[in-house]
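J.: Chain by chain, the residues:
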Amino acid sequence: MARRRKSSIKPLWFLLAGGLLLFAIVGSQVFISSSSTPYRTTPELDVQAYMDNANSLRGNVYRIEGEVNESLAWSPTSGRLIAVSVQSGDEVLPVLVTTEFNSINIQKGQVFVFLLEVDDKGILRTKKLIKA
Amino acid sequence: MSHRFLSTLLPILATMTTVFAQVPDPAQPQAAPENSNAAPEKSNAGNSSFLGKDMPMFNPGSEIVTWDGKNWNINNNRLFEARFEKYLSAPAADSEAYKAYQAILEQIMDKLAPTSVTPKSTDEAFQLLAKASEYPGDANLCDAIAYQVYSSWLAKNNMDRMRAANEGLEKEKKRLEWNAMMTAEGSALEGPSSKGAEAAQQWKKQVQLKRDMEMQPLITRLAEVQALLKTNQLKREVAALQIKIEFQALIVQHFFQRRFQHAIIGTRFYRNVFADGDSQLRVGEDAKSLFAKTTGLPPTMGTVDSLANEVIRDVQEGVQSFKFLLDQDELQSASKRLAEAFILGEYLPQIRTLDRKDKRRALAFVQKSNQLISAIEVKDYTLAEKLVAEINESAKDTDTSKPTAAIETARQVSAMHIAKARNAAVSGDKNTLETELKAATEIWPRNPALSEVSSMIFQQADEQSRALVDFDQLLSQKNHRQIFDDKMRFIAATAMYPEKQEELSQVLDEVQVIETAIIQAQEIEKQGDQAGAWESAERTFRNFPNDNKLNQLRANLTIQAAAFVQAIQQAEKLENNDQPGSSLAWYLKALHKYPQSQFAHDGIDRLTKKILPDAT
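First to last, the protein sequences are chains A and B.
If you use the numbering used here, the first sequence corresponds to residues 173 to 304, in order.
If you use the numbering used here, the second sequence corresponds to residues 51 to 666, in order.
Check each hint, because a few of them may be wrong.
Subject to a maximum C-alpha distance of 27 Å in a straight line, what follows is the list of computed BS3-like cross-link-like pairs (lysine-lysine) [claimed, not checked]:
#1 A:K293 <-> B:K623
#2 A:K293 <-> B:K659
#3 B:K418 <-> B:K470
#4 B:K149 <-> B:K136
#5 B:K660 <-> A:K300
#6 B:K660 <-> A:K299
#7 B:K136 <-> A:K293
#8 A:K280 <-> A:K299
#9 B:K136 <-> A:K299
Please keep in mind that the hints were generated in silico from the structure rather than gathered at the bench.
All values reported here derive from a predicted model rather than from experimental measurement.
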């Protein structure tokens, strides 16, 4: 009889311990991830709104993360105009990487996080960028 | 002599027919030279006059008569045609009255025949003249002969009386001459008296005076009688000559009227009345020359008689020849022989009694031949062709090579001009059209093909007017597609209007470009490239937005490549609203969907240069 009572307590403890462990892992991951996203304080760009009417977003600063699609043009005075795929490649946005980032190699296929300002012509002008 | 005589006499009598014709037609001599069968008129025609210096001349080779400065074909002049056709249509003169009339003429000629003529037969023949003239067809010619014979007899009686008077005068003359002679002898001078020479001389003078006084009336009367005798003799000779001339003139007139039986009767009466052996014709110089040239002999009553008999014989042969040729279905030769016989012997019984059925066959041929000549003259080659076929069918001996050649030549030349006119009409060359149509009309005025071409041109003109109105209307509606679909009609309609041709050319070029784009888009679509097909159609649409067919295709392709089309359209809209950032984003989206998009590439290039003007 005593032998039966001892075996019924052990699975409950194991279950509780496992739950705690899982919580601890997930929580740590969430913390880690939130604390590693660049410019997380800046709102992400509403791509659809930008495409519909960029003028309405002029002066605002947004954050996007996307893959470099291609280089559209390069100006020695203004910088590089690149196409960046966002939203899993459904949309492609033109981003002007100004001359201050000339030192950064930007190549097709690289994923960057851009801090962007919508200038007076609706162009997404890079304020900061960092490889994701 | 016979052949020479007939070949010369035939046209002479034919022409004299005009003079003595019972149905004169003054227009004929002028009309004849205009005939195509007439030889060219001589230049001195205007100077010659009727019965002018030239004698009628006949060329048997060409069957051309030359007279009074004018030439015409004896077989083809309106007067002869009319008379001959009238004769051919007329019934045969087989009435009892005509037979009786001919019998009387035969009797007269028999009674006056040189072998059987007697004073009694002459009187009987004279009486028969009155009977013969009762027949209307005689035209009182026998009466004229009878009158002339009677006048001659009266003249002869007068001459007999004059001869008797002369005989009395002759006796008177002889009596006067006798008396004068007796008077001269009875008062012969006797010897002087013894009373002395002076007294004798005085006595002699007295006697001489007495004799002269007695002789004077006798001599005067004798002179008067002699003068009267000479006067009467002259009067008789003049009267005889005058009555002869009158009689001869009547006979010659009958001869030229082709009343040969009457001419023979006249000559026989003449010889009977004037049995003095003087048969010389005392007619005008022209008539004398005519007879001399015809027979080669001086004109006499015998010449007239023999010529008339020769004509009667020749006509008889001509009629026999006609009948034989008719039996052989050789209508052309038969008609010619009959025409020749008719010219000479229109009033002879051999001609008058010819069977109407036979004449009708010849008439049908002659009418068709005359129609054929007229048809060719007026250039009605359709009718001419029909007549040639009919003539060929009915007459075995007809040579239709000349009319056939004329018809074929006219047909070919006319067809050539009509073909040129048709081409000119199609190409809008008005001058050539008019020239060629005029030429074709001149060659063959009633050419059926000509009316067809004319109606075609008129129809074309009507069609052209309507087409031009439609063209202007469609052009104002910018319905170039409709113009393109009906382009053949408008090309033909604007052929003569260079300005409209230019407009049409622009429209057709434009629609041709659209058509090419449509075909290209459809081919791209077939390969599954809807976006590319849309771009192809859209590019053309932007240049030609009013083409329905292109619009329809573009609409279909817009649905099939909706996302791409929307991206392009949105990009362009934002580009136009000066939003280069948004616009560029849409172009990039479109390029992402269709990497070959020319619109997207172009848009990106434009905007890139706008954003980065100094970009390289």
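J.: Does each hint hold? Answer for all of them.
T.: Okay, the hints, checked on the actual structure:
1. A:K293 <-> B:K623: holds, 15 Å
2. A:K293 <-> B:K659: holds, 14 Å
3. B:K418 <-> B:K470: At roughly 34 Å apart (the allowed maximum being 27 Å), B:K470 and B:K418 break the hint.
4. B:K149 <-> B:K136: holds, 21 Å
5. B:K660 <-> A:K300: Between B:K660 and A:K300 the Cα gap is close to 24 Å, so the pair holds against 27 Å.
6. B:K660 <-> A:K299: holds, 21 Å
7. B:K136 <-> A:K293: Answer violated: B:K136 to A:K293 is near 115 Å, above 27 Å.
8. A:K280 <-> A:K299: holds, 20 Å
9. B:K136 <-> A:K299: Roughly 129 Å separates the two Cα atoms, so the pair is violated.
Hint check: violations occur at hints 3, 7 and 9; the rest are consistent with the structure.
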